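Single-letter residue listing:
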Amino acid sequence: MMGKLLTADFLKIKRKGLWFLTLLGPIGVVALQMVNYGVRKDYLLQQSDDDWGYFLLNIHSFTPLAIVLGIAILTSFMASIENETNAWKQLIALPVSKLSVYLSKFTVLAILLFLSSTLLMIFTLSYGLFLNLGEPVPYLELAKFSYFPALAALPILALQLWIASVCHNQGIPITVGIFGVIFAYSSYVLPDWMIWKWPSLMNQWDEPIINVMLGVGIGILLYIVGMIDFARRDVK
Amino acid sequence: MSAILRAEWFKLHKSKMVPIILAGPVIGLFIGLSANLEDNMSGVPINEWYIALFSMNLTYALLFLPLITGVFASLICRYEHQSGGWKQLLALPVTRGKVFIAKYVLIMLLVMAMQLLYLCSVFAVGLIKGYTDPFPMEIVWKSIMGGWVATLPLVALQLWMSIMFKSFAAPFAVNVVFTLPSIFAINSERIGPYYPWAQPFSMMYIGGSTDDVFFVPWEQLLTVVGGGFILFFLGGYFYFQRKAI
Numbered sequence: 000m001m002g003k004l005l006t007a008d009f010l011k012i013k014r015k016g017l018w019f020l021t022l023l024g025p026i027g028v029v030a031l032q033m034v035n036y037g038v039r040k041d042y043l044l045q046q047s048d049d050d051w052g053y054f055l056l057n058i059h060s061f062t063p064l065a066i067v068l069g070i071a072i073l074t075s076f077m078a079s080i081e082n083e084t085n086a087w088k089q090l091i092a093l094p095v096s097k098l099s100v101y102l103s104k105f106t107v108l109a110i111l112l113f114l115s116s117t118l119l120m121i122f123t124l125s126y127g128l129f130l131n132l133g134e135p136v137p138y139l140e141l142a143k144f145s146y147f148p149a150l151a152a153l154p155i156l157a158l159q160l161w162i163a164s165v166c167h168n169q170g171i172p173i174t175v176g177i178f179g180v181i182f183a184y185s186s187y188v189l190p191d192w193m194i195w196k197w198p199s200l201m202n203q204w205d206e207p208i209i210n211v212m213l214g215v216g217i218g219i220l221l222y223i224v225g226m227i228d229f230a231r232r233d234v235k
Numbered sequence: 000m001s002a003i004l005r006a007e008w009f010k011l012h013k014s015k016m017v018p019i020i021l022a023g024p025v026i027g028l029f030i031g032l033s034a035n036l037e038d039n040m041s042g043v044p045i046n047e048w049y050i051a052l053f054s055m056n057l058t059y060a061l062l063f064l065p066l067i068t069g070v071f072a073s074l075i076c077r078y079e080h081q082s083g084g085w086k087q088l089l090a091l092p093v094t095r096g097k098v099f100i101a102k103y104v105l106i107m108l109l110v111m112a113m114q115l116l117y118l119c120s121v122f123a124v125g126l127i128k129g130y131t132d133p134f135p136m137e138i139v140w141k142s143i144m145g146g147w148v149a150t151l152p153l154v155a156l157q158l159w160m161s162i163m164f165k166s167f168a169a170p171f172a173v174n175v176v177f178t179l180p181s182i183f184a185i186n187s188e189r190i191g192p193y194y195p196w197a198q199p200f201s202m203m204y205i206g207g208s209t210d211d212v213f214f215v216p217w218e219q220l221l222t223v224v225g226g227g228f229i230l231f232f233l234g235g236y237f238y239f240q241r242k243a244i
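Just so you know, the sequences run in chain order A and B. Going by numbering that gives the first Met the number 0, the letters in the first sequence line up with residues 0 to 235, in that order. Going by numbering that gives the first Met the number 0, the letters in the second sequence line up with residues 0 to 244, in that order.
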């Protein structure tokens with residue numbers, strides 16, 4: 000059942016711009032650094048002895064913002080596909096459980112998110128090599144800066160999908176997304192328990208892995224809460 | 000015209016826009032109370048209000064204001080996109096041009112209301128923190144009005160996009176794509192003045208020159224904000240005239 004639902008959901012997002020946005024996110028993040036390094040490369044290379052590390056930090060200054068906004072856009076898109084034509088009713092009328100409908104939506108979004116992270120890693124590596132930042136290339140750090148923010152953002156994905164699928168008015172999840180990006184932008188003043196701080200990989204112990212573990216744990220928890228709430232609501 | 004405006008206003012009443020307008024001052028309070036620039040700047044002889052305004056305006060004008068205008072624009076087209084609302088609305092004895100202008104005017108009024116509420120939140124932050132310096136009324140008004148003027152072209156583009164796309168997410172995606180680069184644009188003296196999405200920040204930035212009515216020179220205001228407004232407004236206006244509904 001799950002396989003068929005996933006196929007159906009992947010069919011539904013065709014030609015809606017979701018794949019394009021998944022591609023645009025990482026391109027945008029790297030393109031901003033292309034402008035940055037294109038304009039003042041010499042100055043930026045002087046800033047630190049570890050050119051690769053500094054480059055990754057620059058990339059990472061935009062990743063959380065792109066992830067938070069990307070999640071808000073993709074989840075709202077996903078819900079709009081059903082909302083616009085009142086298709087929730089028809090979807091639920093099929094011999095599928097509401098829980099698996101929700102799980103399928105979440106899985107598709109999570110796949111898009113990780114595709115985005117993989118692309119981010121590839122683009123970052125390519126532009127880094129193009130800039131000739133020197134040997135050795137820190138592949139481990141590169142993978143960390145690409146995948147950790149996405150893993151730490153899982154609670155945001157779960158929360159946004161929850162709000163988007165239970166609100167008929169998509170203005171509400173979008174506004175929550177805007178709040179999220181403001182929080183992510185000012186994450187250095189936020190307390191550690193705010194989920195919007197986690198993609199920035201900052202915490203008081205300076206251990207990014209804590210954010211990842213929290214992200215996965217709380218992400219699953221929020222996902223379950225959202226799923227149960229979705230299943231209990233009437234479909235309008 | 001006033002009848003269309005009133006009709007739009009009634010529709011808006013049921014659109015849950017009050018909590019969204021309140022988002023402005025809430026964000027203002029959050030930034031104002033969480034920032035602690037005072038510690039870094041203690042000893043510098045400067046009006047305390049300026050410190051609060053610096054940190055609050057940065058995040059508010061750079062990200063929040065451009066992004067939320069898009070939500071207003073989508074919200075105001077929401078009823079029309081649901082189950083053939085455009086057909087019902089345009090079957091009335093109204094012209095498409097008037098409908099477009101009425102929607103635009105109403106969004107700008109909403110943005111104005113939010114700017115005024117933001118002003119209240121600036122004031123509230125000062126009261127909570129116990130500022131004793133005189134309130135720089137003139138500077139604050141310049142900043143609030145300037146931010147409002149700077150959203151004129153952005154709202155026009157967002158209204159265009161909201162009429163074009165049925166979903167909330169698509170116009171918002173367009174908005175995000177243009178708004179995020181302004182974080183970079185404001186750091187560049189060459190690009191910043193010409194980037195329309197960076198204008199809310201420039202117009203609300205209280206460090207600008209205070210000789211003119213606003214914090215940016217008139218040439219920049221007229222060419223970038225005015226030019227952008229004309230471009231996007233006419234684009235949206237003519238798109239709506241020819242749109243098949």
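Please keep in mind that the hints were generated in silico from the structure rather than gathered at the bench. Some clues are possibly wrong.
[What the hints assert, rightly or not] Which residues of chain B face chain A? A few of them, derived with a C-beta cut under 10 Å, are:
1. Ser-1
2. Ile-3
3. Ile-19
4. Ala-172
5. Pro-180
6. Ile-182
Predicted, not measured: the structure shown is a model, and the values here were computed from it. Where a beta carbon is used, it is the ideal one built from N, C-alpha and C, also for glycine.
Now for the hints, and whether the structure bears them out:
no.	hint	result
1	Ser-1	violated, 26 Å
2	Ile-3	violated, 22 Å
3	Ile-19	holds, 5 Å
4	Ala-172	holds, 5 Å
5	Pro-180	holds, 6 Å
6	Ile-182	holds, 8 Å
Checked against the numbered hints listed earlier, the structure breaks hints 1, 2; every other hint is satisfied.
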